[in-house]
Amino acid sequence: MGEVSSVLLLTVPTALPLAVAGAYALAGLRPRTGSVLAVPSTAEPVMAGGRPAPGTDGAGRMPTAVREAPPAQGRHLADWAALVSPAGILACAVLLALRVSGGRALRAYSGLLRADALTVWMLLVVGAVALIACASAPAHLADEGEAGRAAGGSVWRFHILVQAFLAAMCLAVVTANLGVLWVAIEATTIVTAFLVGHRRTRTSVEAAWKYVVICSAGIALAFLGTVLIYYAARQAGIGEAWALDWPTLAARADRLDPAVTRLGITLVVLGFGAKAGLVPLHAWLPDAHSQAPAPVSALMSGVLLSVAFAALLRYRMIANAALGPDFTRVLLTVIALLTLALAAALMLAQRDYKRMLAYSSMEHMSLIALGTAIGTPLALSAALLHIAGHGLAKSVAFCASGRILHLTGTARIGRVRGLLARAPMLGGAFGLAVAALLAFPPFSLFASELGIARAGFTAGMGWPVAIALFLVLTAFAAITARTARMILGPGPGPHADEEPSSNLWPLVLGLAACAALGITLGPLAGLLTTAAHTIGGR
Amino acid sequence: MSEGLFTQLLDLACGAFLLAAVIVLWRRELTAIVRVFALQGVALAAIPVLLGVHERRWDLVVVGVGIGVLRAGLLPYLVRRALTALTAGQQRYGTDTGESRETQPLVNVAASLLTAAALTLLAYAVARPLVELDPTPETQALPVGLAVVLIGFFTLVTRRRALSQVVGFLLLDNGITATAFLAAAGVPLIVELGVSFDVLLAVLVLQILTTRMREAFGTTDIDDLRELHD
Amino acid sequence: MSGVGYVAVAGQVAVVAAGGPLLAGWMRQVRARMEGRVGAGVLQPWRDMRKLLRKEPITPVGTGPALRIAPALVVATVAVAAALVPLLSTDTPISDRADLILVVALIALGTLALALAGLDSGTAFGGMGASREMTVAALVEPTILLSVFALSIPAGSTNLPAIVSGTVHDPARLASPAGLLATAALAVAVLAETGRIPVDNPSTHLELTMIHEAMVLEYAGPDLALVELGAQMRLTLLLGLLASLFAPWGIATSASWAALAVALALFTLKVAVLGAVLAAAEVFWAKLRLFRVPELLAGSFLLALLAVIVSYFLSSES
Amino acid sequence: MSLVPAALATAAGLAAVGAPAGAALPGVARVRASGVCTAGVGVAGCAAGVAALGGQRWAADFPDLMPLAGAYLAVDALAGLFMAVAGAVIAAVAVYGIGYATGHGEHGVSSRAGQALLPLFALTLVLVPAAASVTTFLVLWELMAFTSLLLVWAEHRGRAPVRAAGVWYAVMTHLGLVLLLAGLLLLAARAGGETFAALRAGAAGVSPTVRGWVFVLTAAAFTSKAGAVPLHAWLPRAHPEAPSAVSALMSAAMVNLGVYGVVRVGFDLLGGGPAWWWLTILALGGLSAVYGILQAAMASDLKRLLAYSTCENMGLVLVGVGAAGVFAAYGDEPLAAAALAAGLLHVVNHAAFKALLFCAAGSVLRATGERNLDLLGGLRARMPLTAGLFAVAALGAVALPPGNGFISEWLLLQSLIHGLQVPGVAPAVVLPLAVALVSLSAGLAAAVFVKALGVAFFARPRGPQAAGAKESPPLMLAGMGLLAVLCATLALVPGLLADGLGRAVSAAGLPGDGALRGGVLQVRLDNISSLLAPLWVVAALTVALAVATGLPRLYGHRRRRRDARLWDCGGGAPSPRMAYTAMSFAEPLQRVFDDVLAPEQDVDVTPVRESAYLVERVRFQRRVPDRIEHRLYEPVLGALARAGQAARRLAGGSVHLYLGYGFVVLVVLLLVLAVGW
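Chains as they are written, first to last, in the working numbering: chain A, 1 to 538; chain B, 1 to 230; chain C, 1 to 318; chain D, 1 to 677.
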């Protein structure tokens, strides 16, 4: 009974989005076949008599009827269907949370899938962020359709890819095999490449190319690192089937060869760091985030980065057991500070608000990396809380920025004025999301940044933390000045063109969740502690 | 197979593997590069086959054959197809836009070759602990895998044509696969399958993107992709 | 005892109020004689005042309560200050409240009231006078308080009777460098506070040079009388204060009628001498340009600061 | 049954009711509901504070709140003092605010966001002193900053400077937070715990160097919040641009918490320190006092003038705090307690008169839409009550009897003057200078408030808005009236506060019992013989005033006053253009302090076309920039902007460059690993 349910709980997060994606594929085929059927019927008069006179025959109207009538109905259903998988992920995460309390872990498929507290925490974040992003997607797609940018099948393709993306992320989170983890993360790259290049403009193609090339190169390095650790594990006498199994490796890491592990970990940090937006292979991030559709940006920034980082958290356990804590600590600290400095410097003269948000993601990932580098229980709890808070706030910010882009037609900060006057709720949501990203209380990012800083000073890493704080201050100044320029001031006219509230409830929900996490963790407190414990916070 | 013959064959395969990488760096014609890349795939496939024969692990031989099909057959085919599509357009307009040539790499060929030499030395230095951990003929050849990884990365950094970058990426990947086989006779099958599938998909994606790039920019010179910047 | 004390307080107020115009008359007379004129006589200010008081009170249109209340407030502040300062006796019922800083602040309150009145008139002259007066007052403040600081060091208190009676019992303090420096600094400050040459010329009505007179230009009749009286009382009080601080001999330190009488006589004498010296000096000095005044005040500030530091180092050596 | 928790719970509850009410209710109802709740928060906070001042203590912790740390609250007399001050100010300003926001339109402070934030801001003001752990303190501190920041931005639609002011405020307050984080967390790390109790216990064992760092970092943050130079730049921007009720709260309640922080960390948590800490504070205080009031003297904007005056008064408080620290460092604890008591009393006095001043300025702004003194004038006839209330507050601000500011400045000077008894060369050199700075600032303050009162309210209106001004609505007057009563009480019977102040000083770790003596009618400092009897002074002045007014009437012909045309040296009917403006009033001072202020003047003469000697138009422009800002901030901002421009090359768009980063780092790392870790 327990076996079955745990297999079910571990499978559903990955399988459900895949199933939804499949459903979309099937549903998407239907109108496409419809239009395929329609093509000959329109083609016939073309072949017969050249250009048909408009309105004289039914054939001219038929494709439009096919195109418009079903989507109006189908899209509504499709919108809601997209929410099934986030809801399912959240539900599984909640059920899993009850099972993993006290540091236990669930396994399935002979250890290929495994859930511990970290898994559950990440699933919760993935589910919550996906809920916000998927709930914001219909509005985005409607805009795209309005602007004529969405070709017939692109809506369906969007849904399919997003669901596949979710499935890949969930797989990356629930697997215990480091090889499968790598495969899943690389799969996210491939899936999102199409989402980044969704619009097929020059810039989006460029962004997609950079994204794929840089991330693939980076993640290839991570694979090389994985191979080396596998080699070390084999040499340490771990059987082939278990040499990439994380619990086994973590338990027996002290027998790994230090030199090989060191080389492997360095490559893994560089590789997964690329996916997590850390220096040096970070440069894809602002381009991809600014070009991807807003809900996708939200997902990428809110969870993809953290899912990649969660992989690093797992590897860090192995490295610390094999090498002692100093190696990863120095490596991650240096990388975190470089990333932070770079993000802060590039925000100083930033002119594009989506890029600004992207650099802000780098800033927050580097804070998480710094917390990981510190590595005490408090620091790891804070880093995990930061992952959650950042995911929620950033997804809200990106979704709101998508609405702003639609409203104003420009991504240039200098051309957006008086948002609060123009669309009070939207401007307010964007402003509050940015405030949350700037770590104002009551949003949880304040608590987590404070926790990271506190842990850093306690662990004797005062200087790196102090430098980080001043870099964060620089970023703060840049973001505040720019956001204030965007949302404050008189509106363009007396009349406010407000978003319908149906587009805004996900944003409000996200902000409320972020604020609630900052006030009290409630039942999540135990889970967070266990998760931090799982990844070495002891 | 005797120990000595095995070592010699393995070294031969590894040598060919490294040589192919260097030639990729040397040549400018994309068609030639793809051909060399295919040959490298053969050399790569030879490694697991040799290992399998030597250790009498037939599964490894099968994997090796699979690798060979993918790396020496399918992937070069895909790249070549993309190349043909690009040059077809070129022939149609009757202009030489240089789509089929890596006319001006960011680092010139001579310097590239010297760098490759330096990178190979670095790979030997870095691989020292790997070799020391378990000194067998296979691990002795590990630096080759690492050197190809570095050379592949270098290609990625310095080559301007989109397809050259694809080849660079594939070199990088070949190097990793070689390293995996040389170090530990390959990763578990499920991972291997996943990795191969991912690489295939990545190449497909890149191919599609190359086409779109050509549509959007009129060229596949990556250096022209500078619209997104701060 | 208390009877004598109350009389002493009343006497101090009375002697300042009644003596103010007389001192002004005396100084003008000295000055006239030194300039070779006959002079109007010592009682002339009293005669002026009587005349002014009999005139009709005038309220300029467009002015407010500040203009009306200021003259009385000036007189009142000086009167309260006069009650506090031990001009005649250090042993009065209110001697424990006679704080030097309070006295300085009360006098400043009068200045401030007049400046507000000047602004209240809404004329260019009123504003100009107020602006200049407040500038000078602001700059005088540090000098005065540092002098107070210097003077309070030997006594260990800013309580005026304590300072004065301390000096009476230990006259050597006055001869100390600190005492001399503080005297000089306070003397300059008094010149500035009372609007005498070289800071201000009380008898000028030249717009470029006026400070005090510009503020009170709109006053007439009884109001003007009060303004004049306030200025004269202030001069008397401050000269008396100087005399009490630096030549305290003769001030009654106990509650006896005889001592009080002697103190009154000596007070009159001391203030008359000081007034004469001041009048004589004014004959020979010219008024400073307004923007040279800060230099003078900076000089006096330096003296006061030196007084404090010197007194500290000398007292720490002993 | 302790009053403190009940009162604090009430305050929290009222804020929890007021915020949604402010956000949800329509129109006037929301202003009223939010205002009443805010006032309730104030009253409850004041009650809690007074109870704590009366000797009650309370502590509690809430481990479930504030993730990763838990919330700890504790109230002692020191916290109580600041709570009581904040509460009283909030209560009065909230009453004023109802009137202020009614009929203020849909935007600005009366908007939903504005009304929802007011009770929350009030609550944080009350709660910050109650924080008893580093995390709790920082969370509340930052919440206070956040809510006040949003309130500063309330009128962003109307005026462009509001936006920039808010950005300055946000960034500088975040700078303060960073400094505070670094300082407090360093202390927490070394002392082995983050509750204040643990810090107190562990601070003694921390090395002097670390203690020094902790003090410098926290003091920089706290003095910045208090508006002391050189980190003051946010204050003269944010306070004028905020809605006036918010300005009043910020200037009268929020900046105090900077002082609270210095006292709490410096005296209580660190348990005092070497003289150089406190000499630094003293120097900062003295400089802020003079610099602030000089800038106020130059300001023509009424609210900017008041904001700079806040810098001045906080500087004076810091002088008292610094002096207390110096005395304690040299071993004279009773005198230290006296100086601290004087400083804290000035906090109370300043809160009372500054809140009133800002409220009155708000009334003027509301009635005329104008903050520029040069365009005001003549308001005493049109807004007599406001003018009177402003005068009461200004009397407090100029530090002359019978104002309430005089009492605390007198006590401060007394403690400074008697500091010379303390052995040591540093006091001998510093204290005279401190006395000089305090007295110079007092003298300049007189000039400043003569200018503010005289130019804004007296004479004739210089602009059409001023001419058409109307008296404020009753609720605003009522709020201001409460504050005026507070000012008067503090001015007449400061002795009422003596016991509470003593307890607050004791809570800071100095022997505060009886630091302020003299009973209800008089005040004096312990061990210092001079005493001040405010009631007596007022009585004597009243009698003397009555006599001085009455005697001439008795003597002269008791005729009624007659109105007459202004004489003005016979210059003809004076027009408002002839009256002195704020700018011209400040001109002599500006000339005197030319070297310090470095004003920028610009005369632009346009001659008529026919002759170069005939002038058609002369334009004169003078700006007195904040010089510290000019010298300190602009280079930093410039460097950052240049760095930002330079950094853009890092993201130049070339994918080769991007891959190159990875390649180079990879090679370098491999080299490092190959050479040996």
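Don't read these hints as lab results, they were simulated from the structure.
Beta carbons are placed, not taken as given, at the ideal position from N, Cα and C, and that holds for glycine.
Please note that the accuracy of each hint is not assured.
[What the hints assert, rightly or not] Covered stretches of chain A (in silico footprint by chain B; criterion: 3 or more residues with CB under 8 Å from a CB of chain B, positions within the stretch not fixed): (1) 187-193; (2) 343-350; (3) 477-491.
Each hint, compared with the structure:
Interface restraint, the stretch 187-193 of chain A with chain B: holds (4 residues with C-beta to C-beta distance below 8 Å; minimum three). With a threshold of 8 Å between beta carbons, the proposed coverage of the stretch 343-350 of chain A by chain B holds, since 3 of its residues qualify and at least three are required. Note: the stretch 477-491 of chain A has 0 residues with beta-carbon separation from chain B under 8 Å; the three-residue rule is not met and the coverage is violated.
Checked against the numbered hints above, the structure breaks only hint 3 and satisfies the rest.
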